[in-house]
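2 protein chains.
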Amino acid sequence: MVSKEMYELGAKRSVIRDLFEYGKQKAAIVGKENIFDFSIGNPTVPAPECVKESIIKLLKTKKSDEIHGYTSAQGDFEVRKNIADYMNGKFNCQLKAENFYMTCGAAASLSITLKALTVSSEDEFIIIAPYFPEYRVFIKNAGAKVIAVPADPEDFQIQVNLLEKAIDFHTRGIIINSPNNPSGVVYSEKTLRSLAGLLKRKSKEYKKALYLISDEPYREIVYDGIQVPYIPDYYENTIICYSYSKSLSLPGERIGYILIPSFVENARDVYTAVCGAGRSLGYVCAPSLFQRVIMQCLGKTSDIALYDSNRKLLYDGLNKMGYRCVRPDGAFYLFVRSLEENAVDFSENAKKFNLLIVPSDDFGCPGYVRISYCVDPEMIKRSFYAFQKLKDLYQSG
Amino acid sequence: MVSKEMYELGAKRSVIRDLFEYGKQKAAIVGKENIFDFSIGNPTVPAPECVKESIIKLLKTKKSDEIHGYTSAQGDFEVRKNIADYMNGKFNCQLKAENFYMTCGAAASLSITLKALTVSSEDEFIIIAPYFPEYRVFIKNAGAKVIAVPADPEDFQIQVNLLEKAIDFHTRGIIINSPNNPSGVVYSEKTLRSLAGLLKRKSKEYKKALYLISDEPYREIVYDGIQVPYIPDYYENTIICYSYSKSLSLPGERIGYILIPSFVENARDVYTAVCGAGRSLGYVCAPSLFQRVIMQCLGKTSDIALYDSNRKLLYDGLNKMGYRCVRPDGAFYLFVRSLEENAVDFSENAKKFNLLIVPSDDFGCPGYVRISYCVDPEMIKRSFYAFQKLKDLYQSG
Chain A
1 MVSKEMYELG AKRSVIRDLF EYGKQKAAIV GKENIFDFSI GNPTVPAPEC
51 VKESIIKLLK TKKSDEIHGY TSAQGDFEVR KNIADYMNGK FNCQLKAENF
101 YMTCGAAASL SITLKALTVS SEDEFIIIAP YFPEYRVFIK NAGAKVIAVP
151 ADPEDFQIQV NLLEKAIDFH TRGIIINSPN NPSGVVYSEK TLRSLAGLLK
201 RKSKEYKKAL YLISDEPYRE IVYDGIQVPY IPDYYENTII CYSYSKSLSL
251 PGERIGYILI PSFVENARDV YTAVCGAGRS LGYVCAPSLF QRVIMQCLGK
301 TSDIALYDSN RKLLYDGLNK MGYRCVRPDG AFYLFVRSLE ENAVDFSENA
351 KKFNLLIVPS DDFGCPGYVR ISYCVDPEMI KRSFYAFQKL KDLYQSG
Chain B
1 MVSKEMYELG AKRSVIRDLF EYGKQKAAIV GKENIFDFSI GNPTVPAPEC
51 VKESIIKLLK TKKSDEIHGY TSAQGDFEVR KNIADYMNGK FNCQLKAENF
101 YMTCGAAASL SITLKALTVS SEDEFIIIAP YFPEYRVFIK NAGAKVIAVP
151 ADPEDFQIQV NLLEKAIDFH TRGIIINSPN NPSGVVYSEK TLRSLAGLLK
201 RKSKEYKKAL YLISDEPYRE IVYDGIQVPY IPDYYENTII CYSYSKSLSL
251 PGERIGYILI PSFVENARDV YTAVCGAGRS LGYVCAPSLF QRVIMQCLGK
301 TSDIALYDSN RKLLYDGLNK MGYRCVRPDG AFYLFVRSLE ENAVDFSENA
351 KKFNLLIVPS DDFGCPGYVR ISYCVDPEMI KRSFYAFQKL KDLYQSG
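Listed in order, the protein sequences are those of chains A and B.
Going by UniProt numbering, 144 is the number at position 144 of the first sequence; the sequence numbering is gapless.
Going by UniProt numbering, 376 is the number at position 376 of the second sequence; the sequence numbering is gapless.
Possibly wrong hints are sitting among the right ones.
Stated by the list, open to error - From the structure, some residues in chain B lie toward chain A, with a derived Cβ separation under 10 Å:
(1) 6
(2) 25
(3) 41
(4) 70
(5) 143
(6) 147
(7) 148
Just so you know, these hints were derived from the structure itself, not from any lab.
Where a beta carbon is used, it is the ideal one built from N, C-alpha and C, also for glycine.
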């Protein structure tokens, strides 16, 4: 009586959300301080002060309809102009307001872009495993097919030789995500040059544009002075899907953008199709107050140092115990080897010690768990005892 | 190279947006005070004070992640509980938090509901002409077919006998919109009883649920003490799509809900499919700050009296000049007979006097113009001269 596909999507909550809800219920029984919830990527570091200040200033100085009224569907012109200017200063590029389409966050950015680019049901989008599980949902909604290519298990960089084999005539685009959720890896210059070379070669071979869709909500969440390369510098046919959810700790506010540089093949057609896809999916405009807020906060971020100290604390602690994981350069996740082949069983065992860690199966890369460290550092300290017990369980067994 | 369908949707701006943009350009030449822009439904009456007050209070008393963090996909529980309680008090019903799914406004409410209900590409949704043009876009996005049934040209109530002929085995649901955009009509008790009777009979005949989708962004924008009936009291299989855009003058903030009462057939399945459809379309959650804001403003509205005085001013003024239109009971539009058969040409002629009025063709009901009166009353007064000139043009011609 209802759409079977939508019913199943609604009934099968993501494994992340499932653990998160389990944690809330268990906390009610054993006490919140005894639950070690590393499940969800909900930033705990507060939004920077400029967010609060700019909201209050806007409310006090602007007329109601100037703040809360419809903006144009692509977003307020002044907002987009200011983002363009900021990006031009940061990346030495030549962007204009017309290159930006404001969205309700990264999920909207991706859904809209994929819908705009999908021409036929034979179209394929390639994703690199481990990947954010919702990519599958958004590609399916656009009416295209998902092709997953595994990253290098040593360092989680792209295996360009494997990617090459996956590209065929039906490939419309490749989604990349650096800094990566869940691995925390930042793609190196070497990876990007190699990727760009491949895509240029393959575009020529198939005589069609291959779009690189760069999903960048973690662009500013990087450590040890690492710089995240500006992808269009490496490959022209790049569309950036951005969100302020993580950089400004505003995940619930749903604010981000799609950036289509002018040198993208058929850039104006892509932009027009993006406008159409946004309209088709029911996005009238991005939330108007927060369009203005992010304009006032360009270049600002939440206090990344807090995530960095969490990263060190957890990485060092788990390493000492003998857990294995690649040291992350960005985002706020550790991607740790499961102590048994089946990560779902491993995650279940972890629950015995009230340790909530996400099995990697839905990320398309079995045998790991994702540990989100955008949490209270005190919880990390308390959790080591549980991590040790979990380790002991496997050593004694 | 991009989706043709999305490109066309992006390239063909709605006629309303087209006029609106034309007005902005023309204003730059002849001066804003000489343009009479009745094109767009962007509320001019400010949001009530409770909006500003509750935002500032939330910012000052709550932690950043309590305001800006992800809520659950269906919306914050407390918010939904409070809306349910408010509705129970107002309509004497028995709603719970679980009946509500918070959305990014009415367009999202409709897109998600239609996607959740569409089972096959043979499915049909019936809309009553004149209708909001985007209904066609959202139904198409869901993969279903649009069937339009004309309203009674005398009073714009539903012609239930015509609707009866349009319902067949493929009908999944009917979208109604009362108070109506563009006609301003509020469906009478008589209409609703007759509609409910028909739908019950037809559900039995075809042995399947027929869903009534009630799009109610103008529920509170009514005049002369009129009460908008609570549709589920008349017909159980009613799903309400609501938005705070108009009642609280927050159109840019994208905040609304889907209400699925428990007595709807397969209510839990419909709700689950709605969750799935929201996920599929890329809606992660409704904007978190404004979820809390509308909770603090339940029962409040912008100052409707201002729209009412505009309504009287414009209706009386145009009537005196000999324009013909049904007196609207709600919303903020007059739906006026075109002075020639082709309303597109009529709207073009109106432009000669810098009068921007929307031809009704895209509303599925040719021969009219929609005049939006959520505008500055001074503009209405200045516009009468132009309306008179337009009338003279036709009398002299």
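How the hints compare with the structure:
1. The closest approach between the C-beta of residue 6 of chain B and any C-beta of chain A is roughly 4 Å, which is under the 10 Å cut-off, so the hint is satisfied.
2. Given the 10 Å rule on beta carbons, the hint for residue 25 of chain B is violated: about 13 Å separates it from the nearest Cβ of chain A.
3. At about 9 Å, the closest approach between the beta carbon of residue 41 of chain B and any beta carbon in chain A falls short of 10 Å, and the interface hint on this residue holds.
4. Against a cut-off of 10 Å between C-beta atoms, the interface hint on residue 70 of chain B holds, since the closest Cβ of chain A lies about 5 Å away.
5. For residue 143 of chain B, the interface hint holds, the least distance from its beta-carbon to any beta-carbon of chain A being 9 Å, beneath 10 Å.
6. Using the Cβ-Cβ criterion of 10 Å, the hint placing residue 147 of chain B at the interface with chain A is not satisfied: the shortest such distance is roughly 19 Å.
7. Taking 10 Å as the C-beta contact cut-off toward chain A, the hint placing residue 148 of chain B at the interface is violated, the least distance being around 19 Å.
The structure does not agree with the numbered hints 2, 6, 7 stated previously, though it agrees with the rest.
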